[in-house]
Amino acid sequence: MKVKNALPVLFGILLLLIWEYVPVVFDVPKYLLPRFSEVIGSLVDNKETVRINLSITAYEAFIGFLFGSSLGFLFGVVVAESRVIRDVISPYLIGVNAIPIIALAPLIIIWFGSGVTSKVIMAAFLCFFPVTVNTIKGLTNRPRVFERLFMVYGASRYEFLVKFKIINALPFIFSGLKLSATYASIGAIVAEFTGADKGIGFAILRASYNLDSPRLWGYILLAGLLGLSFYGLVSLVERFTPKHFRHGTSV
Amino acid sequence: MSVVVNQVIKAYAEIDRPIFDGFTTTVFKGEILAILGPSGSGKTTLLNLIAGIISPDRGSISINGISTSQLQKQKKIAYAFQEDGLLPWKTAEQNIEWPLTIGSKTPTLGNPQEIIELMGLRGAEKQLPNELSGGMRQRVNLGRALITYPEVLLLDEPFGALDAFTRLRLNFDVSRILRESSLTTILVTHDIEEAVLLGDRVMVFSAPPVRITKEIIIKTRLEDRNQFWLESDNFRDIVKQLREKFLIQDHEG
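Protein sequence lines, in the order shown, are assigned to chains A and B. Take this note's numbering: the final residue in the first sequence is number 347, and no numbers are missing along the way. Take this note's numbering: the final residue in the second sequence is number 389, and no numbers are missing along the way.
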């Protein structure tokens, strides 16, 4: 392993060691900060419940990510292709994006019930904007020369979009997807806070009511790992796209 | 094919004076017209009008009596820009043959291998643009313009971003290619020596609204314009005349 790659791993190990020994050295009560080994022990002891909660949230987040980012991409294309729509919609887009997700969650539960659908919608809502904004940025950010070039050869607008703009926007779109990947689990978990009987959000809430700190920390850790694995998944897909597609024509 | 620009008026909302106000000129079949002029004097606008990228507010542009839009569909107009506009995800060869895959659904003739040979790109055809030098990129840019066997070639400062040595070498290569073809060519450049080296006729534009302030026909045959001619009194005299015109124009503002 190269030194560059080994450093983050070593840093992680150091953090875990600090986490493990700070409560012991400073005699911190368990309900304030349990030891790392206690957190892991709590997860292992309840592994079946943990598995169910994790898989529910992962499913909601994944479906939400697929829906939200697909819609975000399509909407981004429509907005980028029409100056009128862009001018009319942009202020509202910023306004809607500024609504705190926690304020929206109860409304979505009222509309769609406390089942999986409302969680998927919340996850999709959070995934939608980063992809939309980055798609618009990617599609509108290009040197003028390409527009002239495509026009000279009589290319249609559709050809320019498919054979140039979208390919050129890929680095921006992937940036949006990576952001969305981390937001998807946040959306699902926040929705589970508001109304659910399963999932990581529900488990965090229950653990906090019971002052079960090791379990609470365990689920917080899992929530972070879930976001990280979605991010890794998108990065993996990006790695499989040919290297030269990842650059585009920077302006 | 001869290009006829007839009484063209073209204005932009953001500029108070029209760029062209009844501008008329003709570029004859097989002629290489070099256009010089200060920045913002409508040189690129003229090329964009001829290419059909923008339309005149009034007046007409025709090529052998045919409208530019019709020729555009037949890919008979080629355009090479200063920013080479190479697609970064395509190899040199794929960039060259790219015009054959775009636009009109009717198959367009074109032989990429012939162009690779002509432009001296053998050995570099599988390389991506970011692996090529500035000079090689411009060779691909020109090769792409020539692939459809165009009748009219528009060159908008294609060598503007190159170093002096690469630029001179490309000038000689382009001169050879144009000599061997019967292309009607319009070259826009800031470089007086380049205009004299490549042009059959050199035209100087004023600031907008555009007028032709000087026109010189270069009588030396293209095949005789070698490095020795660049040192000749004839070449220096033409360059001097054009430079003086530029300086006077600049002084008059």
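These are computed hints drawn from the structure, not numbers from a lab. C-beta: ideal position from N, C-alpha, C; glycine also. Mixed in with the good hints there might be a few duds.
For each label pair, taking beta carbons as the anchor points, the in silico distance ranges come out as [to be verified]: (1) A:Arg-182 - B:Ser-203: 28 to 36 Å; (2) B:Gly-259 - A:Ile-316: 20 to 28 Å; (3) A:Leu-112 - B:Gly-296: 43 to 51 Å; (4) A:Pro-338 - B:Lys-165: 38 to 46 Å; (5) B:Ser-318 - A:Pro-239: 26 to 34 Å; (6) B:Gln-206 - A:Val-180: 26 to 34 Å; (7) A:Arg-182 - B:Ile-384: 45 to 53 Å; (8) A:Arg-182 - B:Gly-259: 26 to 34 Å; (9) A:Ser-252 - B:Glu-250: 44 to 52 Å; (10) B:Gly-158 - A:Tyr-254: 33 to 41 Å; (11) A:Gly-191 - B:Ile-145: 41 to 49 Å; (12) B:Leu-358 - A:Pro-239: 26 to 34 Å; (13) B:Ser-196 - A:Glu-243: 21 to 29 Å; (14) A:Arg-253 - B:Gly-296: 27 to 35 Å.
### Query
Which of the numbered hints above does this structure break?
Of the numbered hints, 2, 3, 8, 9 do not hold.
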